[in-house]
Amino acid sequence: MKIGKQTIKLENTPKILQTSSIVGPKESQGPLSQYFDTHIDDIFFGEKTFEKAESKFMKTCIDNLLSKVPTSPENIDYIFAGDLLNQCICSGYCIRDLNIPFFGLYGACSTFCESLSLASAFVNAGYANKAIAATSSHFCSAERQFRMPLEHGNQKSPTAQCTVTGSGAAIVVPKDVGTQGPFVTYITPGKIVDLGITDMTNMGAAMMPAAFNTVMTHLQDTGRNANYYDVIATGDLGVLGSEMLVDLLRKEGVDLQGIHADCGALIYDHEKQDTHCGGSGCGCMASVFSGYFYEQLKTKKINKILIVATGALMSPLSVQQGESIPGIAHAIAIENEV
Amino acid sequence: MNSNVNMTNEEYSSYVDTKAKNSPIVKNIIWAFLVGGLICTIGQLITNLFMYLGCSKDDSTMICTISLIFIGAFLTAINVYAKIGQHAGAGSIVPITGFSNSIVAPAIEFKTEGYVLGIGANMFKIAGPVLVYGTTASVIIGFIYWLITMFI
Chain A
1 MKIGKQTIKL
11 ENTPKILQTS
21 SIVGPKESQG
31 PLSQYFDTHI
41 DDIFFGEKTF
51 EKAESKFMKT
61 CIDNLLSKVP
71 TSPENIDYIF
81 AGDLLNQCIC
91 SGYCIRDLNI
101 PFFGLYGACS
111 TFCESLSLAS
121 AFVNAGYANK
131 AIAATSSHFC
141 SAERQFRMPL
151 EHGNQKSPTA
161 QCTVTGSGAA
171 IVVPKDVGTQ
181 GPFVTYITPG
191 KIVDLGITDM
201 TNMGAAMMPA
211 AFNTVMTHLQ
221 DTGRNANYYD
231 VIATGDLGVL
241 GSEMLVDLLR
251 KEGVDLQGIH
261 ADCGALIYDH
271 EKQDTHCGGS
281 GCGCMASVFS
291 GYFYEQLKTK
301 KINKILIVAT
311 GALMSPLSVQ
321 QGESIPGIAH
331 AIAIENEV
Chain B
1001 MNSNVNMTNE
1011 EYSSYVDTKA
1021 KNSPIVKNII
1031 WAFLVGGLIC
1041 TIGQLITNLF
1051 MYLGCSKDDS
1061 TMICTISLIF
1071 IGAFLTAINV
1081 YAKIGQHAGA
1091 GSIVPITGFS
1101 NSIVAPAIEF
1111 KTEGYVLGIG
1121 ANMFKIAGPV
1131 LVYGTTASVI
1141 IGFIYWLITM
1151 FI
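In order, the protein sequences belong to chains A and B. Residues 1 to 338 in our numbering are what the first sequence lists, from first letter to last. Residues 1001 to 1152 in our numbering are what the second sequence lists, from first letter to last.
Chain A on its own, in the form it takes in the complex:
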């Protein structure tokens, strides 16, 4: 049921039955390492290309999810997945082997919330009994598509972020499967917001206005206060974007102090790992939510979370043509009690 301007209330509160996460070498050395299911030390993951490696990251993550449930691919109704590469090849080649009906999605780094929103909406409406949402990203495949060759000796801007090598997947089922949550209660699909940032090395600033808009709209539509949530987690605004989001929301009377977390800021130790403003990419929120926050929900350390994945909808081509960077953010409210 649509409420307010753009929020959907999922009256049947579908449940996130299980999640799975996998990360690469750099993330394995980060502060959240212990929360991830699988750690891969080889950036190539035994493959010949970075693109194949990324596909294998996602495949391994989904296989792990299926074995954790446990279930087999034939029992999955639909899969919603995406990644950062042109034509979403990582998802396509990964899911080619799974034989599951597939919706390929692109929302840049916001794709995890986009896929989880749609999977939840499908289950809520009764169109699916088991739907999977998955996304991935890979530092090396993203660098070669969006930036400079890896071996090129250049300096990164202090506002730059580092694409997370990893993948996360979640399976959504109807509420009555099992007894415990967490359940998906509201989804707020975001609008594209663009405040004219053209600097590709400052994604946090490009995406922050979209996160601001989605969080505010979600709170207005649901009539909730920010402190209703134990955590409001943004995807990959990074250190700078997070600071600005908290600052600007405070000016509008919304206090996120102590509530706000950012997956990109959490995943690395910025001083030791030289990651500047933090992590980014589809795999950032996917792995941090599936690994860290889902575990926190399961163990009841937190009970209500709003996840807001943020994406920058540009390409190197549009930036070279002088276009600014449009931002987008999708929010999902996930709660233990409904």
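For the record, the hints were derived by calculation from the structure and aren't laboratory data. Hints should not be assumed to be uniformly reliable.
Stated by the list, open to error - Using C-beta positions, here's what the derived DEER-type ranges look like: (1) A:N129 x B:T1112: 36 to 42 Å; (2) B:T1135 x A:N99: 52 to 58 Å; (3) B:T1136 x A:D274: 35 to 41 Å; (4) B:G1118 x A:D274: 27 to 33 Å; (5) A:A125 x B:V1026: 57 to 63 Å; (6) A:D42 x B:I1144: 53 to 59 Å; (7) A:S315 x B:I1030: 32 to 38 Å; (8) A:K272 x B:I1030: 18 to 24 Å; (9) A:T198 x B:F1074: 33 to 39 Å; (10) A:K2 x B:G1118: 31 to 37 Å; (11) B:L1034 x A:S67: 51 to 57 Å.
Don't be surprised by glycine CBs; every beta carbon is placed ideally from N, CA and C.
Assemble chain B onto chain A, guided by the hints.
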């Protein structure tokens, strides 16, 4: 309550500038000076060495250029040059070793797309503009020089 960031593009841009950390310019300049200087000193040492061994000045500078290109390519291949570049910035980009790096780095990267459309087509992705405008500039300057010499 306003659901949008209540700023114009210009206001937002200057707000971001006040919040964003600037590059550590002094540190970067010192690193660039030291590393760039070191690379040039190594070059001079190579030239002097070959002149000492009896090569002509022209031959020695040629050998120096070739050696530096090799060193740059070698350090790129063993993943050292990118690390130097993180600290040195322009100090390792501007000398000829940086030029070598800018050709070898994409060559390594695009090997997965094959020798023709991968390496062949992408090798000069970074160095290409330098070659195009470097060559064009030298032709223009040469033409001006030729015009001047006609009248003087």
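Right, here's what the structure says about each hint:
Distance hint for N129 (chain A) and T1112 (chain B): a CB-CB separation of about 40 Å, consistent with the stated range 36 to 42 Å. Remark: the range hint 52 to 58 Å for T1135 (chain B) to N99 (chain A) is upheld by a beta-carbon distance near 55 Å. Judged by the Cβ atoms, the range 35 to 41 Å given for T1136 (chain B) and D274 (chain A) holds: they are separated by roughly 38 Å. A C-beta distance of roughly 29 Å is found between G1118 (chain B) and D274 (chain A), which places it inside the suggested range of 27 to 33 Å.
Judged by the Cβ atoms, the range 57 to 63 Å given for A125 (chain A) and V1026 (chain B) holds: they are separated by roughly 60 Å. Distance hint check for D42 (chain A) and I1144 (chain B): the Cβ-Cβ separation is about 56 Å, which falls inside the suggested range of 53 to 59 Å. Roughly 36 Å separates the CB atoms of S315 (chain A) and I1030 (chain B), a value that falls within the hinted 32 to 38 Å. Between K272 (chain A) and I1030 (chain B), the C-beta spacing of about 23 Å keeps the proposed range 18 to 24 Å intact.
The given range of 33 to 39 Å is respected by T198 (chain A) and F1074 (chain B), whose C-beta atoms sit roughly 37 Å from each other. Range check, K2 (chain A) to G1118 (chain B): about 49 Å between beta-carbon atoms, so the 31 to 37 Å window is missed. Distance hint check: the CB atoms of L1034 (chain B) and S67 (chain A) are about 54 Å apart, consistent with the given range 51 to 57 Å.
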